[in-house]
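Given the coordinates of chain A, work out where chain B should sit on it, guided by the hints.
Chain order of the listed sequences is A and B. Note that the first sequence covers residues 114 to 378 in our numbering. Note that the second sequence covers residues 153 to 506 in our numbering.
Keep in mind that the hints were calculated from the coordinates and are not lab data. Predicted, not measured: the structure shown is a model, and the values here were computed from it. In this text, a Cβ means the ideal position worked out from N, Cα and C, and glycines have one as well. Check each hint, because a few of them may be wrong.
Negatives, chain B to chain A, calculated, CB over 10 Å [what the hints assert, rightly or not]: (1) Glu-169; (2) Ala-237; (3) Asp-395; (4) Ala-410; (5) Val-473.
The calculated DSBU-like cross-link candidates involving lysine-lysine, where the alpha carbons are at most 30 Å apart (straight line), are [to be verified]: (6) Lys-365(A) to Lys-282(B); (7) Lys-282(B) to Lys-288(A); (8) Lys-288(A) to Lys-365(A).
Covered stretches of chain B (in silico footprint by chain A; criterion: 3 or more residues with CB under 8 Å from a CB of chain A, positions within the stretch not fixed) [to be verified]: (9) 205–219; (10) 239–247.
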Amino acid sequence: MRKIAALFVGAWVVVVAFPYLWVLAASFKTQKELIDPRSFLFVPTLDNWREVVASGIGDSVVSSVIVGVATVTISALVAVPGAYAIARWRAGGEVARFGILLSEVLPPAVLVVPLFLFALNLGLRDTLAAVIASHLTFVLPVMTWFMVGFFDGVPRELEEQALVDGHGRIGAFVKVVLPQVLPGIGAAVIFGFVLSWNDLFYALILAGGNERTLPVAIASYNTFRGVELGQMAVAILISVVPVLIASFVVQKRLIRGISRGGLKV
Amino acid sequence: MASVRLEALAKWYGDVEAVKAIDLVVPDGQFTVLVGPSGCGKTSTLRMIAGLEEASGGRIFIDDRDVTKLPPKDRDTAMVFQNYALYPHMRVRDNIAFGLRARRVPDDEVRRRVVWAADLLDLGGLLDRKPGALSGGQQQRVAIGRAIVREPAVFLFDEPLSNLDAKLRVEMRTELLRIQRQLKATVVYVTHDQEEAMSLSDVMVVMREGRIAQQGPPAEVYARPDSEFVGAFIGSPAMNLLDGTVADGRLVAGVIIADVAPSDRGVVRVGIRPEEIVLASSIEADEPAVTFDATVELIEALGPRVVLSLVPPHGSPMTAVIEARSAAALREGATARMAVRHDALHVFPARHQD
Chain A
114 MRKIAALFVG
124 AWVVVVAFPY
134 LWVLAASFKT
144 QKELIDPRSF
154 LFVPTLDNWR
164 EVVASGIGDS
174 VVSSVIVGVA
184 TVTISALVAV
194 PGAYAIARWR
204 AGGEVARFGI
214 LLSEVLPPAV
224 LVVPLFLFAL
234 NLGLRDTLAA
244 VIASHLTFVL
254 PVMTWFMVGF
264 FDGVPRELEE
274 QALVDGHGRI
284 GAFVKVVLPQ
294 VLPGIGAAVI
304 FGFVLSWNDL
314 FYALILAGGN
324 ERTLPVAIAS
334 YNTFRGVELG
344 QMAVAILISV
354 VPVLIASFVV
364 QKRLIRGISR
374 GGLKV
Chain B
153 MASVRLEALA
163 KWYGDVEAVK
173 AIDLVVPDGQ
183 FTVLVGPSGC
193 GKTSTLRMIA
203 GLEEASGGRI
213 FIDDRDVTKL
223 PPKDRDTAMV
233 FQNYALYPHM
243 RVRDNIAFGL
253 RARRVPDDEV
263 RRRVVWAADL
273 LDLGGLLDRK
283 PGALSGGQQQ
293 RVAIGRAIVR
303 EPAVFLFDEP
313 LSNLDAKLRV
323 EMRTELLRIQ
333 RQLKATVVYV
343 THDQEEAMSL
353 SDVMVVMREG
363 RIAQQGPPAE
373 VYARPDSEFV
383 GAFIGSPAMN
393 LLDGTVADGR
403 LVAGVIIADV
413 APSDRGVVRV
423 GIRPEEIVLA
433 SSIEADEPAV
443 TFDATVELIE
453 ALGPRVVLSL
463 VPPHGSPMTA
473 VIEARSAAAL
483 REGATARMAV
493 RHDALHVFPA
503 RHQD
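Isolated chain A (complex conformation):
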């Protein structure tokens, strides 16, 4: 039994790991080697890496970080009190718990036109501020929903104890409730950051010119003269590795947050 399980897991690892390994190999190949499917053996070259670094990918990384950090900071500031209100005070009734996710159901194409017009009229087109605003539309609800699950897990008595012990509502929240959900906030922040980090659609349309985020930069290797696969592979690695690491860090809490948020109605 154990052997069969190990076999399955092994096979699954190959399936999951293969694209990453392929991309990793591609980043060290020449364009000629890349289009030759028989090139299992090749002489690794750092040319792609030199090209990509020289092309100013660093600026895109900085842009993506700025957008991600700003998005999760604003989201956390709103989501934490919002989720607390929904979990503890039934704000919005049971509808709010799931209704908050409605905006996730909307296809981004519905929102992007009005957002684009807003950005245009406010003079924010091709700025990171516009991208941040658009990312808030999907990061904020997810983080709120996520945090509701964590606040549900804090026994009401803890807060009541703090009230009797001499704190007001805010004191009880800050001193007693908040420390219980800190790990959840951490997980939600990382999760929200990854969502923002991965977005291509809004970033491309709202700021596809000078202020390119990393996914936009990656997409730009798809040029009129063909796909620069080798350089694209380098950019993809730069983009994907932080997400991989973040996923390992948050996976346990991610599952807890999602199952709590979903099950407790």
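Only chain B this time, still in chain A's reference frame:
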């Protein structure tokens, strides 16, 4: 310490009236227990005293200070919850000190009081642990410690022993009583366990469906229940309750036939405490008592006493508790001659609903 006074205190949850305008005085320095079946309003009452629930009507006084509208922090109460509600992210030491720090007590005073409470509750070795590393009994002690360091006007306990196993529960009961006596604390204690209520209370308040059914010293409530409900709820094994009728001052309830006060009449329920059913041979011939024969169906030995399941020739079966020594001659299946003194017959008007 202080007294607590409730005046026409009421609580509504939507259309449900959980507490129906109760009046109650909790005397200074005494152990008052609110007891009743679940849903009787005892916990709502406690939570209103703490300020965790808003009163829908009536007023709450702590030492003549009207606290009805005050937030919990300004009422000077301390509470111990059923699940202890220890702050999981703080060490025991900080848990105990939390309320003092919230009230900005100077640091050296905090340290002194934490040590004092730890000594009183035998928590010395646990001060630097987190609550997660403590057993249920230890968590309970920390919760009590956190309450007593505050030296509050009133202690509020919400079923604090329910999560402990039976043996520990009895030990903690004794300990609670010891601490209460030592501090001369005013305590309001909520439980659904009548035995706990009997053993702890100076004043026992039996509640039912949002009202106070009866209050008084536990021995008195036990000996003279006002109603069938109180009689049946308090005491273990439960009071025997027989259907009967009274006509012309004569009570007939199965084998129980006796003269009673003429104020009782019509269809009644007769309550008899199990320990009031005794062997006929153990009472004096001139004592006013009812005697009857009954088959001894079962004999359960409880050590010093035995529980008899009695089946009289007609009427409902009864439970009797007698001294093990005097039960030596009884055999299961045999007939025994039993007796009930007249003053042990509690006659209640028959209840219509249930």
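These are the hints, each one checked on the structure:
{"no.": "1", "hint": "Glu-169", "in the structure": "holds, 22 Å"}
{"no.": "2", "hint": "Ala-237", "in the structure": "violated, 4 Å"}
{"no.": "3", "hint": "Asp-395", "in the structure": "holds, 44 Å"}
{"no.": "4", "hint": "Ala-410", "in the structure": "holds, 51 Å"}
{"no.": "5", "hint": "Val-473", "in the structure": "holds, 39 Å"}
{"no.": "6", "hint": "Lys-365(A) to Lys-282(B)", "in the structure": "holds, 23 Å"}
{"no.": "7", "hint": "Lys-282(B) to Lys-288(A)", "in the structure": "holds, 16 Å"}
{"no.": "8", "hint": "Lys-288(A) to Lys-365(A)", "in the structure": "holds, 25 Å"}
{"no.": "9", "hint": "205–219", "in the structure": "violated (count 0)"}
{"no.": "10", "hint": "239–247", "in the structure": "holds (count 3)"}
Comparing the model with each numbered hint stated earlier shows that hints 2 and 9 do not hold.
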